[in-house]
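Chain L is fixed; fit chain S onto it per the hints.
Protein chains: 2
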Amino acid sequence: MRQGNLLYAQSGGVTAVINATAAAVIDEARARKVKVLAARNGILGALREELIDTSRESPAAIRALAHTPGGAFGSCRLKLKSLEADRARYERLLEVFRAHDIRYFLYNGGNDSADTALKVSQLAKAFDYPLTCIGVPKTVDNDLAVTDTCPGFGSAAKFTAVSVREAALDVAAMAETSTKVFVYEAMGRHAGWLAAAAGLAGEDPDAAPQIILFPERAYDEAAFLAQVRKVVDKVGWCVVVASEGIQHADGRFVADAGGGKDSFGHTQLGGVASYLAGRVKDQLGMKVHWTLPDYLQRSARHIASETDWKQAQAVGKAAVQMALKGDNAVMPVIVRSSDLPYRWKIEAVPLSKVANHEKKMPAGFIRKDGFGITASARRYLQPLIRGQAPLPYGSNGLPVYVTLKNIAVKQKLPAWDAG
Amino acid sequence: MRQGNLLYAQSGGVTAVINATAAAVIDEARARKVKVLAARNGILGALREELIDTSRESPAAIRALAHTPGGAFGSCRLKLKSLEADRARYERLLEVFRAHDIRYFLYNGGNDSADTALKVSQLAKAFDYPLTCIGVPKTVDNDLAVTDTCPGFGSAAKFTAVSVREAALDVAAMAETSTKVFVYEAMGRHAGWLAAAAGLAGEDPDAAPQIILFPERAYDEAAFLAQVRKVVDKVGWCVVVASEGIQHADGRFVADAGGGKDSFGHTQLGGVASYLAGRVKDQLGMKVHWTLPDYLQRSARHIASETDWKQAQAVGKAAVQMALKGDNAVMPVIVRSSDLPYRWKIEAVPLSKVANHEKKMPAGFIRKDGFGITASARRYLQPLIRGQAPLPYGSNGLPVYVTLKNIAVKQKLPAWDAG
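Heads up: the protein sequence lines correspond to chains L and S, in order.
FYI, the numbering for the first sequence is 2 to 420, going by my numbering.
FYI, the numbering for the second sequence is 2 to 420, going by my numbering.
These are computed hints drawn from the structure, not numbers from a lab.
A couple of the hints might just be wrong.
Any copy, or any two copies together, can satisfy a pair, since identical chains are not distinguished.
Said to hold, decoys possible - The list that follows gives simulated cross-link-like pairs (lysine-lysine, PhoX-like), each with its CA atoms no further than 25 Å apart: (1) Lys-346 <-> Lys-231; (2) Lys-288 <-> Lys-80; (3) Lys-82 <-> Lys-406; (4) Lys-288 <-> Lys-411; (5) Lys-360 <-> Lys-311.
Isolated chain L (complex conformation):
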């Protein structure tokens, strides 16, 4: 019996380990003699019939893929709407799937992608097209429902904790005559997971970061500035980690000076650290420095977490296994069975439980004063940054990252405007 091909697509912002998931998908499918096509630039490539034949890549290239950051086939930020509103696109997807004998669709992304995979599976059923759809989790934001954590988050969390610890040593050394306050801006529009991870940088009550600002708590400028002064008076300097999504009590984003909208219609953020630094300078008269790591935090494969890297591979492998078992409209999620020792396994959950939900930090993870993480947050976060994911370096001192050949599959359909 011909079992058909598998289509793998990456969605949304990429991470340091999403390619590890891709490599695991390809490895597992190869072992089971299933051909993997990859969509170029995510769902857009599926719509445009721009498919990549991964069987043309060598085993060595796939091994290297497992430690290469970014998205090897390209990703995109196109969110499909409801089946009614985006009917033509969903039908086009099925047309492309049919043309290329695609019987398994693995969509590697966040909430939106889980929703898209679910809808594609519903339409396939309605059309009686035999298709197994799997959502594969990924996001540095760690805001997917059900799964204990999201592949990509642990590595960004590790970058954050390590960078904050290192920068704090710098600030501590210079504070007597130079910078007294350092502000670090972490990704996280609606959930403060990455900002919280910075809390792993130190355990002592006076250790950096002494102040964390979460989007889950309203930003109170007077309280913030008073806390900065208190910390500087006591410690001599202060490291602040602020989530890009912090808001005033009335819901305005603190960063709104930056303005702009991205293709999802989200407000484009990025100005929190510079804003806070400016307030500290003006109101407290202290010398201040700030950093906006931006993409560095999600692409820093060189400091990836081994836990995260293994989980990224595990969800990829499990996704193929679920697909071949005919487990339709599910997502392989990470289930934690123990904090210490840290134990986890992969289980399938229906996409309907994941799609369009957003996991915020539990209130119990944020300290009462709003400026730090609790012991339970630490227990949850700690294992996620554990271990150093292996990475080969060249004699030139750079990590060895692969660029795939990405050979296109011959198109069979007339051109289509994906919009």
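Just chain S now, with coordinates in the frame of chain L:
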């Protein structure tokens, strides 16, 4: 014969490996039975008679010091002026040195520190106080004269090249529907060394960073924007690395444009990357992201260069050897004898040849069009980021960094206002 004590002080901005120099100084001095005192917060601690007794630190702590970023004893940004203008301070230094039997003064810093060490040695001679002064090189800016490179630079350069390569993979994956231009702001007020190091991220003509902006070349906005458009047209996306010190043809810093006050009268902190990103967005209408790594680039011990780390230790060890030989008013510098294979050694040069000079990039290191590095720059820079400096990690996934006890030496003199 009592040979007296050695005073070690850190100066100016700290680096990922200045403590490796400190550890080598302490190790070498211990082997030769010389006691090392360290000035708390650099020269300020020497003036205030705030000295640290490093003999109270365990061998394990000193071993850990060799891989801990920041400045373990504190540093400062106090520049001493001429012997005439700052007479009182220089005399106070000698008074403190005399009180603590300090016969060797090792000042670990950049141009200014070499100058201070030189002047202290001159005054000691005039006062007939037996003192050997050594300048020990350090600066991420790589702008010290004579030495082939400066400890601290290679590690910041490696962080820069690796980060740019990783972020470029992210941008490449997303460019179809999202960010097309990514701007990275590198340290370097007057010399473009770190921006140039980003050029190591890729060798292919179309590899990132496709555009580097150096302070050595006037910033021409029209030419810059035209180049961005050209690269995006050809490659699909563009990574720009800009030195913080780039200037317009009339000498105005580009970074100053971003500053000023907002409509609330709040200070707006500018920066080169945010400015350039704004220009690209407004003038080319492209989606843009930008990063300001700030202190992360100079404190990132987790991605330190092995070459740099070894050189940081070598200058520390050599400084003690030169001091004990009575080689006064010199600096151990790095001399390159071969690019390929890379060979280097340490030699003593008079501080007068180093003090107050600033090494800019040779014109031959910048491509004719001003937007990239040449093959000679690559030959020079490449060995400096080579190798991964060893770093132990704890079971918590964080590097194991040490905080020294820093036990104060009992003061012997009346308090003094260091100003």
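* Asked: Should Lys-360 paired with Lys-311 be assigned to within, between, both, or neither, using CA atoms and 25 Å as the limit?
  -> Classified as within; 22 Å inside a copy, 46 Å across copies.
* Asked: At most 25 Å between C-alpha atoms: does Lys-82 with Lys-406 qualify within a copy, between copies, both, or neither?
  -> neither (32 Å within a copy, 60 Å between copies)
* Asked: Is the C-alpha distance from Lys-346 to Lys-231 at most 25 Å within one copy, between copies, in both cases, or in neither?
  -> neither (44 Å within a copy, 48 Å between copies)
* At 25 Å max between alpha carbons, let me know whether Lys-288 reaches Lys-411 within a copy, between copies, both or neither. => neither (60 Å within a copy, 31 Å between copies)
* Should Lys-288 paired with Lys-80 be assigned to within, between, both, or neither, using CA atoms and 25 Å as the limit? -> between (43 Å within a copy, 18 Å between copies)
Of the numbered hints given earlier, the model fails hints 1, 3 and 4; all others are met.
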